[in-house]
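Note that the protein sequences, when read in sequence, are chains R and P.
Read in order, the letters of the first sequence correspond to residues 1 to 662 in this note's numbering.
Read in order, the letters of the second sequence correspond to residues 1 to 177 in this note's numbering.
Any given hint could be a false lead.
Said to hold, decoys possible - Pair by pair, the computed Cβ-Cβ distance ranges are:
no., chain 1, residue 1, chain 2, residue 2, range
1, P, Ala90, R, Lys528, 26 to 36 Å
2, R, Arg560, P, Gly134, 43 to 53 Å
3, P, Ala44, R, Pro394, 26 to 36 Å
4, R, Ile150, P, Arg163, 53 to 63 Å
5, R, Leu327, P, Pro114, 34 to 44 Å
Claimed, not checked - Listed next, the stretches of chain R that the computed footprint assigns to chain P, with coverage defined by at least 3 CB atoms under 8 Å from CB atoms of chain P:
no., stretch
6, 131 to 140
7, 206 to 219
8, 239 to 248
9, 365 to 373
10, 388 to 394
11, 517 to 529
What the hints assert, rightly or not - Only some residues are given here: those of chain P computed to face chain R with a beta carbon under 7 Å:
no., residue
12, Val37
13, Pro39
14, Glu58
15, Asn66
16, Arg78
17, Arg112
18, Tyr118
19, Pro126
No wet-lab data here; the hints were simulated from the structure.
Built from N, CA and C at the ideal position, the CB exists for glycine as well.
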Amino acid sequence: MIPEIGHYALVLALLLAVAQSVMPLVGAARRDVAWMETGRMAAFAQLAAITISFAALMQAHVVSDFSVLNVVNNSHSAKPMLYKVSGVWGNHEGSMLLWVFMLALFGAAVAGFGRNIPPTLKARVLGVQGLIGVGFLLFILVTSNPFARIYPAPIDGNDLNPLLQDPGLAFHPPFLYLGYVGFSVAFSFAVGALIEGRVDPAWGRWVRPWTLVAWASLTMGIAMGSWWAYYELGWGGWWFWDPVENASLMPWLAGTALLHSAIVVEKRDALKTWTILLAILTFSLSLLGTFLVRSGVLTSVHAFAVDPQRGVAVLGLLILATGGGLLLFALRAHVLKIGGLFSPVSREGALVLNNLLLSVSAAVVLIGTLMPLLLDAFGHKISVGAPYFNFITPFLTIPLVMVMALGPFMPWKRADLGGILSRLWGVALLTLVSVMLALWLAGVKPVMALVGIAMAGWAGFGAVWEVADRVKLFRVPLADSLSRARGLPLGAWGTAVAHGGMGIAIAGMVGTTFWLAEDVRVMKLGDKALIAGYEVTLDKVEDLRVANYQTEMGHFSVRRDGDLISTLTAERRWYPVAKMQTTEAAIHTTFYSDLYLVLGEENPGGGGWVVRLYHHPLVPWIWIGSLVMVLGGCLSLSDRRLRVGVPARRAAPVSPALQPAE
Amino acid sequence: MTAFMPSFSHRAGTSAPLSWIAAALVAAFLCVPALAVMPNEKLADPAMEARAREISKELRCLVCQNQSIDDSNADLARDLRVLVRERLVAGDSNEQVLAYVHDRYGDFVLLRPPVTGYTALLWGGPFALLLLAGLGTALYMRQRRRDVETMPVPTLTAEEEARLMVLLNEDKSGDGR
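If we strip away everything but chain R, and leave its shape as in the complex, we get (with noise of 0.2 Å):
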């Protein structure tokens, strides 16, 4: 019955988003205001009937109903509790369910917050979200429905991926989910915006803070999902460049120069044609994203969709929404007015270089991503890979990081870069510092791995070095500072916070990349094995029967100078209902490095185990910075200059000497 409730709302939903679709669009044009406020009330029904829809199938995979298919394929009934909720989207169909939640879910938020947007804008902006939500219901409905009964009803299910049987995996989709589905504003706005024939420095304010919890979400989605694959697929790899990680990294890329032309707009009025683009491009690659996963055009661990109908459906959604869009931008982009004027060298430069240099990275992970299905079209296999990849981006990163830290020091229209420079002598020293004790401890070779430090140093120190001018740490009183820190705008905390996060992550993945030590060799019980100055012993290996799995758990003890410091396990499991193998690694963390420990096979011949050791120096620092990260987006975020139609608060006293804000 419940089941069926779910199904039944899922319907009810589609025909609502028709109706927030057609109504403010239509009410909008003809100055309508009961059918513009109608589109309203449709958005907050969507989202009532979809998470209706949404729990009916969460109770579903919560009591294993096995009458219900998709239970069926993806639970078990001795799954742990936490993985029969995240089994909810760990599968296509469910995973469709939970985009089309996040969709209704913005649409319902944009209804109901920001009560300063032009009513006509905000109707369009409903119209269009409600179109993308009618897309992606009809496509659940026609090709994917959640709710689909099985007759008779298996004893048990056939358990989930046990790859995705992971706390790390089981939150990586709804943030993820939540960043694409997030850019769909952005997206809406700039449609929106294009129907209106009009960009201002307000439009600016209002799609920034969407934008922001949109890259906000996507930086922790991927950050987990990277986390993820370091622990979990058990050699400490953090970036494979595959193509699923791609179709998440161009929109992450586009979507960061979106979040920073959007300040040009509205601080500056300029780059807003290009900003109405960079939404509509910033979506269109969230919706590549979900079409190169789920089509199975590329085959992972993440598509269990390997159906082409339904590749076919998300590419015509694809086509729909970019191609709408883009044709829509060329009908009206040139009746948006150009706006303020700014010199090559200022803020607005340093944000357009940024923009350039992410709009291209993003096209490069396209390119590479892409050109390996467009070749095999034409009877050519080739393999883009890490070295490809590898080689081109420092070419852009490089650069984007030395801009990314000069970028706040600019000032707006007309910068002195000489001047600035000579500001950042700070920088520059305690980065050397930094080079300096990368040589100490790891000497000159390779070479590389200096220059990413070198990077690392500048972007982190840079963001430090931002935050202390702007309070004239040390040029006044410490009690100054600290009034003028308290004063400081929080968006400018956020800027400082989320460039100094990725300092950090660039650190990490320098540290890992280039300083990585590892063994492998045979243990027996007793054995010990040395590496990057720790002592290893194999202590003891032993066999459990845990939940939906058996384990082959070996535990060693870790010593360093003779101290007993660590005693690690490492697993390697059974899911005898999925018929898979995952290994489970032990990692002794010390936030400068992880000693990374994997128990491999028993040894064919002589006895002992195979044991993996690794040694990753900085390794923790990538997910440390990006949570920095999102930190800094959060910050930002609740900036309450972005929070157009919160009651005004009353403004802190701030003493007029103040540095302005970003």
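With chain R's structure known, arrange chain P on it following the hints.
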């Protein structure tokens, strides 16, 4: 890879026939990552082993999804790893080993595609794009400068003035930009 699993499953207490498990495993885990280079594959000379690892990262495991032979435990990847080491022991340079494998398996085996007519867009594209985007931006900025100079000063309607005042007042939190 497949050889060890029956014993593992057996020890873990499953009663399913070993051959059946082995067959399922061949199908399911051809390319499970993580368990790549085995101790018995390693070369005695650490420098040469390091070179072998470098080369392995450039070669694709042909039966896998986007994995290098260094990352994959598929039998074919293992064969290629052994082959790479054999060539190195035979005295080949890194380039010669890559060329040797390339000759036998074609472009598909190289994770860094060779520069040919077909991959021109792949290798030239990023740089051409960067150049074009830079040029386009420069031209656009010049053009805009001209446009702005000839543009009439826009004026706001009374209603817009009022909205502007509201927004500006909200901004008084001190950022000033």
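Here's how the hints hold up against the structure:
no.	hint	verdict
1	P:Ala90 x R:Lys528: 26 to 36 Å	holds, 35 Å
2	R:Arg560 x P:Gly134: 43 to 53 Å	holds, 51 Å
3	P:Ala44 x R:Pro394: 26 to 36 Å	holds, 35 Å
4	R:Ile150 x P:Arg163: 53 to 63 Å	holds, 58 Å
5	R:Leu327 x P:Pro114: 34 to 44 Å	holds, 38 Å
6	131 to 140	violated (count 0)
7	206 to 219	violated (count 0)
8	239 to 248	holds (count 4)
9	365 to 373	holds (count 3)
10	388 to 394	holds (count 3)
11	517 to 529	holds (count 3)
12	Val37	holds, 6 Å
13	Pro39	holds, 5 Å
14	Glu58	holds, 5 Å
15	Asn66	holds, 5 Å
16	Arg78	violated, 13 Å
17	Arg112	holds, 4 Å
18	Tyr118	holds, 5 Å
19	Pro126	holds, 5 Å
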